[in-house]
Each structure stands twice: as C-alpha cells, then as structure tokens.
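Undergrad: Using the hints provided, position chain Y relative to the given structure of chain R.
Here is what each chain is made of, one letter per residue.
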Amino acid sequence: MNLHIKNDSGFLALAVRMVIGWTYFSAFFRRTLLANKLDPELPGYIGEKFNHFLPNALGIKPIIQYLVENPDILYYNMVAFTIIEGIVGLFIIFGLFTRLMSIGVFGLAMGILLGSGWIGTTCLDEWQIGVLGIATGFLLFLTGSGRVSLDNYLMNRNVAFTKRNGLHG
Amino acid sequence: MGSFFIFGLTLYTNQVFHGGLWGTLHNKSVKPKLEITEGKLNENGLSFDVFRVEGVDVYGAWIIGIELKDAQNNVVMNYTQDQLAKLPEHAIENYYIAKVKPGKHSLIAPLGAKAKMKFNSSDILKLPSGTYTLKMTDISGASWEHQINK
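Taken in order, these protein sequences are the chains called R and Y.
Mind the numbering: the first sequence is residues 5 to 173 in our numbering, read in order.
Mind the numbering: the second sequence is residues 9 to 158 in our numbering, read in order.
The hints are simulated quantities; they were obtained by calculation from the structure and are not laboratory data.
Just so it is clear, CB atoms sit at the ideal spot from N, CA and C, and this is done for glycine as well.
It is possible that part of the hints are untrue.
[To be verified] Pairs of lysine-lysine, DSSO-like flavour, derived with a Cα cap of 30 Å:
#1 Lys53(R) x Lys77(Y)
#2 Lys109(Y) x Lys65(R)
#3 Lys41(R) x Lys39(Y)
[Claimed, not checked] A short list of chain R residues far from chain Y (calculated; beta carbon distances all over 10 Å):
#4 Leu16
#5 Tyr80
#6 Ile88
#7 Phe98
#8 Gly108
#9 Leu117
#10 Leu118
#11 Trp131
#12 Ile138
#13 Leu146
#14 Arg161
Here chain R stands alone, though its shape is the one from the complex (with noise of 0.2 Å):
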C-alpha cells in the first residue's frame, strides 16, 4: 500500500490494537499457563468468578444461571470462552482477519459488561473495560489494520484468499 502515514488509519490505531489484544490473549495466557483456573476442583475457577457476576446482571441473568445450574455445560462454555478470547487477543494483536476478529473484541466486550458491568470496587472496574472494549472493538472494525500487519503483508503477497471478498483488509 502507498498510503501516506497519515492516511493510514489502521497504523494509526496500532497501540490500542496491541494493548486491546494483549488484554483479551493476556486472560487465556494467565487461566492456562500462569495457572489453572479451568479446574473446577482448585479455588479461582473462573465458573465461580462467573456465578459472581449472577445477582445484578443486566440482560443475560437468564443465561448465566443457566449455566451455573448446570455445571458441566458451564465448563464446556468456559473453556470455550477463554480459547475464544486467547485466538481473538493473538489475531487483534499480529493483525490477522482483524476486522472479523474485531467483531470478537466487540462481542466479549459486550458479554463483560452486562454480566460483570455492576462489579468493582475502588473504580467502576468492569463498566469500564467493557464499554471501552466496545468502543475498541468498532474503531478497529472501521480502521482494520493498516500497514503493520499481517493482514496487509498477505495482501502485499498477493495469497489467494486476500483476493476474494471478505471481511479483512
């Protein structure tokens, strides 16, 4: 691309790019490589962190203690989430597909907020990570990636896939 720096939005939102990434890839990096918070057996379980959020969600009550009624498909869900987060996180930060992996960044960030929105206790923790992923999550949709990316390295490459119509660029 001989987009003037200026010009390239997406290189311009590198940083929230990077930071945004590192926040979602960093939650599967600690539950399973730091620690083992997907055994429900061990204290720190997420599904109990999970079951937290119960009383005073907005929106999705129903869903959530469904899910902590039933413990068994609450794991599946965890695992599921925290995989789902861990591939968003990567992909945002290298620059891959990241306008559909913004759509991700959105989507968890919404789930963050209405489950957990009401938590935090010196700050407004939770709103704020989740409205501000939100808003994230759109302006990386509308920038995509720019000229440091991987996205943009494949399409200088001419692969095959960059040619079709499709979400990334």
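TA: Below, chain Y without anything else, positioned relative to chain R:
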C-alpha cells in the same frame, strides 16, 4: 451512527449499574447484602433460601449469627459464629457453582451463591404456631431479617 449508539450504551449502562447520570450513585461491590426468601417452619423444621446479591466479589460474606425470634422477641434458636463454622453439610443445599459453606470461623456466603438452609433440631420442631423473625448477621454488623409463619 455506531459511535453514537455506543456512547448511548455507555451512558445507559453507567446509569443502570452505578447511577452515574442522575439520582444516587451506587456501588454494589462495597457492602455485602443477603436476600432471605422462601422461609418455612413446619413439621420438617426450619428452612429458607439465602442469596448473596451484593458486595465484594472475592471476599466474604462472613455470617456470624443466625437467629430466630418469636413474636415476643424471645430468641428461640441461635446459631453462633463457632456453630456456623461447624455446620454439617446436610444443613446447606447449594443451587449454584459458588457455594455457601462453613469456613474457619464463620459461615461463608460468596457473591452470587444461593443455598437452601435447613435446621431441624428438636427445639425447632417443638415450636408453637406463630410469627417468627429470622435474622442473619454479617461480621460487619449488617443484618437481614425475614418473617416466617408457622
């Protein structure tokens, strides 16, 4: 368009979750709160549902007293801190993943946990008909009451 929608969502959730626009500000992560429902006193003894709905997500609540009083304010049942710490498993029936359970020094009710509590000592079974008040006390001093008829 999208930006305004997101800003709207931000203001809306700020108001719903914390009262950030008008009215009284509220933060439901500061003090514990229990909801007591489904109180029953019958031939099977005393049972009720307790649901921890507010407070810090990673800590407490520490329940140091469960007390039942009759209409004349006489205490007819009293579980102290130490008794609650040794409460047998069959007295607590948890609904969810986060569980109400006896801790080292008190009964612990984690945020989002909901349980049916059952007490059926002979004293409780012998109680005459009437109106009773159940009271649960947190170590902070906060307490919650619920009326039960027999």
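Undergrad: Can you list which hints this structure breaks, lowest number first?
TA: 1, 9, 10, 11, 12 and 13
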